[in-house]
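Engineer: Given these sequences and hints, build the entire structure.
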Amino acid sequence: MNFTEHIPILVIALPLFAAFLTPLMGKISRKAPRYFATAVFVIVAFLVVLLANMVYSRGTEPIIYTLGSQNDTIFRIVLEIDAFSIFMALIMAIVSLAVSIYSWAFVDKYSGQDKFYTLLLLVAVGSYGMVLTGDMFNLFVFFEISSIALCGLVAFRTERGESFEAAFKYMAYSTISGLLLLFAVGIFYSQYGVLNIAKIAEGVGSGPFNELNKIALGLLVTVFALKAGSVPFHMTTPDAYSEAPGGVAALYVAASQAGLYALFRTCFTIYRPVITTETIGWVVIILGVLSMFVGVTMALVQKDIKRLMAYHAISQTGYMLLGVGVGIAVLGNPAALDAYGKMAMEGGIFHIINHAMYKGLLFLTAAAIFYRVGTRNLNEMRGLAHTMKFTTIFFMIGALSIAGIPPMNGFSSKLMIYESVYQFSPILSAIAMLVSVLTLASFVKVFYSAFMGPKNEKVDAKEVPMSMLVGMAILTGVIIVFSLFPGLVVDTIIKPAVEALLHGWPIAGGM
Amino acid sequence: MIGNAPYIVVGFIIFLGLYTAIFKRNLIKIVMGITLVESGVNLFLITLGYRTGGGAPIFTQATNMHMVLPTPQALTLTSIVIGVATTALMLSFIVMIYKHYKSIDAKDVRRLKG
Numbered sequence: 049m050n051f052t053e054h055i056p057i058l059v060i061a062l063p064l065f066a067a068f069l070t071p072l073m074g075k076i077s078r079k080a081p082r083y084f085a086t087a088v089f090v091i092v093a094f095l096v097v098l099l100a101n102m103v104y105s106r107g108t109e110p111i112i113y114t115l116g117s118q119n120d121t122i123f124r125i126v127l128e129i130d131a132f133s134i135f136m137a138l139i140m141a142i143v144s145l146a147v148s149i150y151s152w153a154f155v156d157k158y159s160g161q162d163k164f165y166t167l168l169l170l171v172a173v174g175s176y177g178m179v180l181t182g183d184m185f186n187l188f189v190f191f192e193i194s195s196i197a198l199c200g201l202v203a204f205r206t207e208r209g210e211s212f213e214a215a216f217k218y219m220a221y222s223t224i225s226g227l228l229l230l231f232a233v234g235i236f237y238s239q240y241g242v243l244n245i246a247k248i249a250e251g252v253g254s255g256p257f258n259e260l261n262k263i264a265l266g267l268l269v270t271v272f273a274l275k276a277g278s279v280p281f282h283m284t285t286p287d288a289y290s291e292a293p294g295g296v297a298a299l300y301v302a303a304s305q306a307g308l309y310a311l312f313r314t315c316f317t318i319y320r321p322v323i324t325t326e327t328i329g330w331v332v333i334i335l336g337v338l339s340m341f342v343g344v345t346m347a348l349v350q351k352d353i354k355r356l357m358a359y360h361a362i363s364q365t366g367y368m369l370l371g372v373g374v375g376i377a378v379l380g381n382p383a384a385l386d387a388y389g390k391m392a393m394e395g396g397i398f399h400i401i402n403h404a405m406y407k408g409l410l411f412l413t414a415a416a417i418f419y420r421v422g423t424r425n426l427n428e429m430r431g432l433a434h435t436m437k438f439t440t441i442f443f444m445i446g447a448l449s450i451a452g453i454p455p456m457n458g459f460s461s462k463l464m465i466y467e468s469v470y471q472f473s474p475i476l477s478a479i480a481m482l483v484s485v486l487t488l489a490s491f492v493k494v495f496y497s498a499f500m501g502p503k504n505e506k507v508d509a510k511e512v513p514m515s516m517l518v519g520m521a522i523l524t525g526v527i528i529v530f531s532l533f534p535g536l537v538v539d540t541i542i543k544p545a546v547e548a549l550l551h552g553w554p555i556a557g558g559m
Numbered sequence: 185m186i187g188n189a190p191y192i193v194v195g196f197i198i199f200l201g202l203y204t205a206i207f208k209r210n211l212i213k214i215v216m217g218i219t220l221v222e223s224g225v226n227l228f229l230i231t232l233g234y235r236t237g238g239g240a241p242i243f244t245q246a247t248n249m250h251m252v253l254p255t256p257q258a259l260t261l262t263s264i265v266i267g268v269a270t271t272a273l274m275l276s277f278i279v280m281i282y283k284h285y286k287s288i289d290a291k292d293v294r295r296l297k298g
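So the protein lines, in turn, are chains A and B. For the first sequence, the positions run 49 to 559 when my numbering is used. For the second sequence, the positions run 185 to 298 when my numbering is used.
Misleading hints may appear alongside valid ones.
Negatives, chain A to chain B, calculated, CB over 10 angstroms [stated by the list, open to error]:
| # | residue |
| --- | --- |
| 1 | Cys199 |
| 2 | Arg208 |
| 3 | Thr270 |
| 4 | Asp386 |
| 5 | Phe418 |
| 6 | Lys437 |
In silico contact screen, one side only, chain A against chain B (beta carbon under 7 angstroms); selected entries [what the hints assert, rightly or not]:
| # | residue |
| --- | --- |
| 7 | Glu53 |
| 8 | Glu210 |
| 9 | Phe216 |
| 10 | Thr223 |
| 11 | Gly266 |
Straight-line distance between alpha carbons at most 20 angstroms, and here's what the computed EDC-like set of lysine to aspartate or glutamate pairs gives [as the list claims (entries may be wrong)]:
| # | chain 1 | residue 1 | chain 2 | residue 2 |
| --- | --- | --- | --- | --- |
| 12 | A | Lys163 | A | Glu207 |
| 13 | B | Lys286 | A | Glu207 |
| 14 | B | Lys283 | A | Glu210 |
| 15 | A | Lys157 | A | Glu109 |
| 16 | B | Lys291 | A | Asp386 |
| 17 | A | Lys543 | A | Asp386 |
| 18 | A | Lys510 | A | Asp156 |
| 19 | A | Lys390 | A | Glu547 |
| 20 | A | Lys493 | A | Glu428 |
| 21 | B | Lys297 | A | Glu210 |
| 22 | A | Lys390 | A | Glu210 |
| 23 | A | Lys543 | A | Glu109 |
| 24 | A | Lys437 | A | Glu326 |
| 25 | A | Lys437 | A | Glu505 |
| 26 | B | Lys297 | A | Asp352 |
| 27 | A | Lys351 | A | Glu250 |
| 28 | A | Lys390 | A | Glu467 |
| 29 | B | Lys283 | A | Asp386 |
| 30 | B | Lys286 | A | Glu547 |
| 31 | A | Lys493 | A | Asp352 |
| 32 | B | Lys213 | B | Asp289 |
For the record, the hints were derived by calculation from the structure and aren't laboratory data. Each residue gets a CB set at the ideal place from its N, CA and C atoms; glycine is no exception.
Structural biologist: Set out below in C-alpha cells:
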C-alpha cells in the first residue's frame, strides 16, 4: 500500500471525517475544535502541496484516481487532477488555513464554535471536491455540499434577522441552480450513458453540436456563473458576503471560485471540440464586462464596508471571465490563440489566485474593523490608523493590490489581461482600465473614511488579537511573494494550468 | 408505449415549480416551488433509466436480462437525500426569519438592499 497513491482522495476524505469529529472535540473543551480543525487544515494544505508536486512533475498528463478497483475506470467514481485543478486546490488550501486561524479570536465570543468549524471544514470539502472530481454527478454533490455549508455559515449569527434573510436568499438560488446542474447531468447521461467528464467530452466531440448539448451548455454556464457571482445572477452575492461572519467572507471568495473552475472546465474540457465559433467566448466576455462595470459602479455608492467589498468581488470576477473568455473566443483560431489567447487566459487565471488572496485579505481587515468598532457603516468610523496599525498596513497592501498599482500582484495579472485583450478588442481593454481606476477611487474612499482623520475617542479600537493578525499576515505574505516574483509564479503554476485546460482529459490512465 | 409523455410531465412540473418560486411572495410557497423543481428533475432522471417492460436491475435474481438502468436510480436516491437536507434547512431559515421579522412575506423580509 503506497501512501502517495491515495493523496487525491485524502484531500477530500480527511476534512470530511474531521468535520464530523469536530463536534466531539467540543465535548473535550471549548477550544479543542478550533485547534483540531486548524490542524486538519494544515495537514490538508501539506497534502495539497505534495499532490501539486506530483501533478507538476507529470506535465499535461492528469492524475486519475479511481475509487475501488482500478479496472473499468469509466464507470467508477474517479478523481481527475491536472494542473488547473491543483491550482484551485492550492488557493483553497491557503485561504482556508488563514481563515481558520483568523477565526480563533473572531468566533471566541459566540457559542457553537464546534459547529462553526464543522461547517468551515465542509465548505473546504465541497470546494476541494468540485475542483478535483472527474465525474459530473460528484460535481453536483460537492456543489451542494459547498452551498449548504456556506448557507449555514452565513446564518451563523442567529441574533440577527438579516443573516437569515441573506442565507435564505442564497439557499434558494443555489438550490435551484444545483437542480438545473443535475438536469444538465441528466441530459449528458441520456445521450452517452456515462457520468465521467472525459468520456462525456469524447461523446460531445464525436457528434455534431446538437440541441441537447446546447441546452446543457446554457444550463451549465448559468449555474456556474451564478456560483461565481457574475452579474446577471449577482442578486444574493452582496447580501451573503456582507452577512457572513468575519473570515467566512474570505472563504466564500475561494468557494465561489470553484464555480469559475467548473465554468472553465465545462467550456474547455467538455465542449472543447465543438467550440469553433466566437459565440460562447463572447457570452463569457459579456458576462465579464457586465460584472466588472456593474460591480464597480454599485460599489462606489455603498456605505457598508463589507457590501462595498462584495460588489468589488463581483467586479473582479469580471476580469477573470474577460481574460478566459477571450481565450474561449479564439479557441477555433490557433494563430490568435498563440498570439494573445493564451496570454489572456494566463492573465485571467493568475487573477483568480490574486483575487482570492487580496480580496480575502480585505474581507479579513473589514471583519477586524467590525470586531473592534462594532459597525460596518463607513460614516461611523474614523481614525483607526492611530490604534490599529497592523490592520491599516494589511488593508493598504490589499487595496493597492486590488486597484492594480504597479508593484503589486493585482497589477501583474491586470497588465496581462489589458495587453492581450487589447489585441482582441481595444474597447474591452479600455473598459477594464476604467474599472480599475474606479476601484482605486472606491478604495481611497474607504481608506480615508475608516483609517484617516482624528482619533475616535468613543470606541476602544485597539489592535485585534494575535490570531486575527496571523490570519491576515498569511495572505499578506502570499501577496508580497506574488508581487515580488510574478514571472516565477506565472511560469510555475499559471502556465501549466493554461496548458492543462487546453490539453483536455484522456479517457483513462493511472497513477 | 408511453413515448414522450413523461418528458412533457417533467417539463410541466419544472416550469410550475420555477413559476411558484419566482412569482410567489410567501416564503413557504417559494420552498414548495423549489421542491416541485426537485421532483421534476428526479422524475427526469428516473425516466432516463426506464426501459419499457424492464425488470428490477438485480443481476443475481433476474428472470430476464431486460432491466431498467440502475445508475439513474442511484442518482435519484442521492438527489432525494440532498433535497431533504436543503428543504429542511430552508424551512428552518423561514422559522428564524419569522421570529425576527414577524412575517414570512417576501415584501417585508427585505432589510438588505442597495
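Engineer: Next step is simple, just say for each hint if it's right about the structure.
Structural biologist: Going down the list of hints, with the structure as the test:
With a cut of 10 angstroms on Cβ distances, A/Cys199 falls inside the contact zone with chain B, its closest approach being about 7 angstroms. For A/Arg208, the requirement that its beta carbon stay farther than 10 angstroms from each beta carbon of chain B is not met, with the minimum near 7 angstroms. Non-interface call for A/Thr270 relative to chain B: holds, since the shortest CB-CB distance, roughly 13 angstroms, exceeds 10 angstroms. Listed as outside the interface, A/Asp386 is consistent with that label: its C-beta sits roughly 41 angstroms from the nearest C-beta of chain B, beyond the 10 angstroms cut-off.
Every beta carbon of chain B lies more than 10 angstroms from that of A/Phe418, the smallest distance being close to 16 angstroms; the non-interface claim holds. A/Lys437, annotated as away from the interface, keeps every beta carbon of chain B farther than 10 angstroms; the closest lies near 32 angstroms. Checking A/Glu53 against chain B: minimum C-beta separation of about 27 angstroms lies over 7 angstroms; hint violated. With a least beta-carbon distance of about 5 angstroms to chain B, the hint placing A/Glu210 at the interface is held under the 7 angstroms criterion.
Residue-level restraint check for A/Phe216 holds (minimum Cβ-Cβ distance to chain B is 4 angstroms; threshold 7 angstroms). This hint holds: A/Thr223 has a C-beta 5 angstroms from the nearest C-beta of chain B, less than the 7 angstroms allowed. Interface restraint check: A/Gly266 against chain B, minimum CB-CB distance 15 angstroms, threshold 7 angstroms, status violated. Restraint check for A/Lys163 and A/Glu207: satisfied, since their Cα atoms lie roughly 16 angstroms apart, inside the 20 angstroms limit.
A hinted pair counts as satisfied when its Cα atoms are at most 20 angstroms apart, and B/Lys286 with A/Glu207 qualifies at roughly 14 angstroms. Note on B/Lys283 and A/Glu210: the hinted pairing holds, with a Cα-Cα distance of about 12 angstroms set against a maximum of 20 angstroms. Only pairs whose Cα atoms come within 20 angstroms are accepted, and A/Lys157 paired with A/Glu109 is rejected, the gap being roughly 48 angstroms. With a C-alpha separation of about 52 angstroms, the suggested pair B/Lys291 and A/Asp386 falls outside the 20 angstroms cut-off, and the hint is violated.
Between A/Lys543 and A/Asp386, the direct Cα distance comes to roughly 13 angstroms. Compliance with the 20 angstroms bound is thereby established for this hinted pair. For the hint pairing A/Lys510 with A/Asp156, the CA-to-CA distance comes to about 17 angstroms; that is within 20 angstroms, so the pair holds. Taking the CA atoms of A/Lys390 and A/Glu547, the gap is near 9 angstroms; set against the 20 angstroms cutoff, the hint holds. For a cut-off of 20 angstroms, the pair hint linking A/Lys493 to A/Glu428 stands: about 14 angstroms separates their Cα positions.
Restraint check for B/Lys297 and A/Glu210: the C-alpha separation of about 11 angstroms stays at or below 20 angstroms, so the hint holds. Our distance criterion of 20 angstroms between C-alpha atoms is broken by A/Lys390 and A/Glu210, whose separation comes to about 43 angstroms. Taken as a hint, the A/Lys543 and A/Glu109 pair is honoured in the structure, with Cα atoms around 14 angstroms apart against an allowance of 20 angstroms. Our distance criterion of 20 angstroms between C-alpha atoms is broken by A/Lys437 and A/Glu326, whose separation comes to about 49 angstroms.
As the CA atoms of A/Lys437 and A/Glu505 are separated by approximately 16 angstroms, the hinted pair is consistent with the 20 angstroms bound. The suggested pairing of B/Lys297 with A/Asp352 holds, with an alpha-carbon distance near 11 angstroms, which does not exceed 20 angstroms. With a CA separation close to 50 angstroms, the supplied pair A/Lys351 and A/Glu250 exceeds the 20 angstroms bound. A distance of roughly 12 angstroms separates the Cα atoms of A/Lys390 and A/Glu467; the hinted pair therefore holds under the 20 angstroms criterion.
Distance hint between B/Lys283 and A/Asp386 is unfulfilled; the C-alpha atoms sit about 59 angstroms from each other, more than 20 angstroms. Between B/Lys286 and A/Glu547 the alpha-carbon distance is near 55 angstroms, which puts this suggested pair outside the 20 angstroms criterion. At roughly 12 angstroms between alpha-carbon atoms, A/Lys493 and A/Asp352 fall within 20 angstroms of each other, so this suggested pair holds. Taking the CA atoms of B/Lys213 and B/Asp289, the gap is about 10 angstroms. The hint holds against a cut of 20 angstroms.
Against the hints set out earlier in the document, violations occur for numbers 1, 2, 7, 11, 15, 16, 22, 24, 27, 29, 30.
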